[in-house]
Amino acid sequence: MPEPRSEPRADAAQQGTAPDAWFFSLRLIGGRYAFEAPLVTEVVRLGPLTRLPAAPSFLPGVFTHRGEVLPVLDIGQLVGQPAVPIRASTRAAIVHCGPWKVAVVSEGVEGLVSIPRKNLEPPPSESSGVAEFLSAVGRDGQGTVAILDLPRLVETARARAVPAGSGHA
Amino acid sequence: MRDTTDQAKKATKKPAPRKRNGAGPSDAERIVEVLKAFAVGQYGGRLDVGAFEGGPLHDVARAVNATADHVEAEIREARQRISLVSAGVDEAIEAMVRLVIQGDLTGTLRLGGSTVHDQALTPLIAGVGQVMETLKKFVTEIREAALQLSTSSAEVLAAATQNESSTSAQASAIHETTATMEELKGASHQIAENAQMVAAIAEQTLSGGRQGEGAIKAFMLSMEKVRHNAVEVDDAIAKLSKRVERIGTVVEVIDEIADRSDLLALNAALEGAKAGEAGRGFSIVAAEMRRLAENVMESTKEIKNLITEIREATHAAKEASDGNKREASEGEKLGSNAMQNVSGILAGIQETSDAARVIHLATQQQRTATEQVVQSMSEIEEVTRQAQAGSKQATGAAAELTKLAERLAELVKRFKVE
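Protein chains in written order, with the working numbering: chain Y, 1 to 169; chain X, 1 to 418.
If you want the ones that stay clear, here's a sample from chain Y, every Cβ over 12 Å from chain X, calculated:
| no. | residue |
| --- | --- |
| 1 | P53 |
| 2 | A55 |
| 3 | P56 |
| 4 | F63 |
| 5 | G67 |
| 6 | G98 |
| 7 | R117 |
| 8 | K118 |
| 9 | E121 |
| 10 | P123 |
| 11 | E132 |
| 12 | S135 |
| 13 | R139 |
| 14 | T144 |
| 15 | R160 |
| 16 | A161 |
Residues of chain Y clear of chain X, computed beta-carbon distances all greater than 10 Å:
| no. | residue |
| --- | --- |
| 17 | R27 |
| 18 | T64 |
| 19 | H65 |
| 20 | P99 |
| 21 | P124 |
| 22 | G129 |
| 23 | T156 |
Using 25 Å as the maximum straight-line C-alpha spacing, the simulated SDA-like pairs for lysine to any residue come out as follows:
| no. | chain 1 | residue 1 | chain 2 | residue 2 |
| --- | --- | --- | --- | --- |
| 24 | X | K274 | Y | V44 |
| 25 | X | K185 | X | S378 |
| 26 | X | K301 | Y | T90 |
| 27 | X | K274 | Y | E68 |
| 28 | X | K274 | Y | P151 |
| 29 | X | K274 | Y | L120 |
| 30 | X | K274 | Y | E42 |
| 31 | Y | K118 | X | R280 |
I should point out that these hints are in silico values taken from the structure, not numbers from a laboratory.
Think of the CB as a built atom: it goes at the ideal place given N, C-alpha and C, for glycine as much as any other residue.
Using the sequences and the accompanying hints, generate a full structural model.
Below is the structure:
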């Protein structure tokens, strides 16, 4: 896990269109998952969590970060996988998806990886579990990394959370 | 009677001188001649009375003749009586001899068929009768004595035989006793030797036990030292443990710092990425920082592993030292027990040694006593042998005596008393 495969030789400024793109990679449910790097604002250690009553299992609680109360999203639980264990050293990536700002818990943060867009392959045509939220599959020096469509994932989470949570809050 | 003869002679003598007065040989001379013959015991001569017819010596001659006749008759009678008496005496002697030879003492002495009842024989017969009576009495007494002698000698024989057999039994018993005493002597000798051996062994054991006692003392000292050392080791381990804990805390701090550095570097990299080309160098530095932080974390992980190992080792050492302490105190306890036991053993051995010595002494005395007894027994045996020989002789003598008594009885039986 030492160095992040950061080889920012190409122009980091042109994000979406450039041949090389930056992804933020972390370990989840036993694999490497990544999403567009610009979505990540910060990597933090999860402080003490406040559990929300009647919240779905993929939202283990909320935590305060720089005066903001942010919901914590467990992607593992969202896709029907075992929960990501939350400890004092557990790291979370604070992501911005449209109007939503959530903390995604991880088993470990790898950091920035750079994968040329032309090398991205379409995800397997499964519609169950985590495959539902995959946008592509990439490869780098460390192996395969699954690219998540994070905005859709967050939207889905929100959508699933709301019917339960709309009555409250 | 003599007087008459003398008178007669005188009377006949008177006519003789008348004859001398006659013719030839006078009458007196012839009478003297006849009387002279009478004087020398020849009473056969007679005077012719017719020649003296008418002479003064006629009556004398007749008287001479009558005297001679009378004397001759008297002599004849005396001779007859003498032969009768001597026949009676002979008969009496013969009867007595016969009686003595035949042993028949029954009845009184009778002169068989003898018509001699001479007064002269009466005292003889009476004396013989008395002798026979006395003889009879003697025989009877001898018979009784012989009977008694026979009985007594039989008793003596029986007693002597019994004496002999009991003496020989005594001799064999003494012999056996002597043999037994010899055995006893051997046995006591053996015992004395064994007791001496026991004493020697006890002595050896005693010195061995003393050495053991010294060894146990040394062992107990060592155990005490071990316990002392274990306590020191304990202290050292406790200090070491504290230090290690301290190192652990420090490592935790370092780890925390490294983690935070890592996080910082990560965020810096993110910031650099956001800054585009301008943040590129920044990103490189951030990546380098992350690597360093990760290196630190690797190292701290290694240190933590080492600390864990040290902790385990320390724990094991503590366990071992505790064990040492336990073992040492157990060893001390065992040592003191062993000490007590050895002391008991030593006391026991001492007693054994003393007892063995006493036994040795006692058996030696016993040996001496036994030897004396054996000596005495052999003397007794000698005496008994002599007594045995004597009693054998006594038995022989008694047997002979019995035989003699029987013979005497036989002999006495030949005399019939009743």
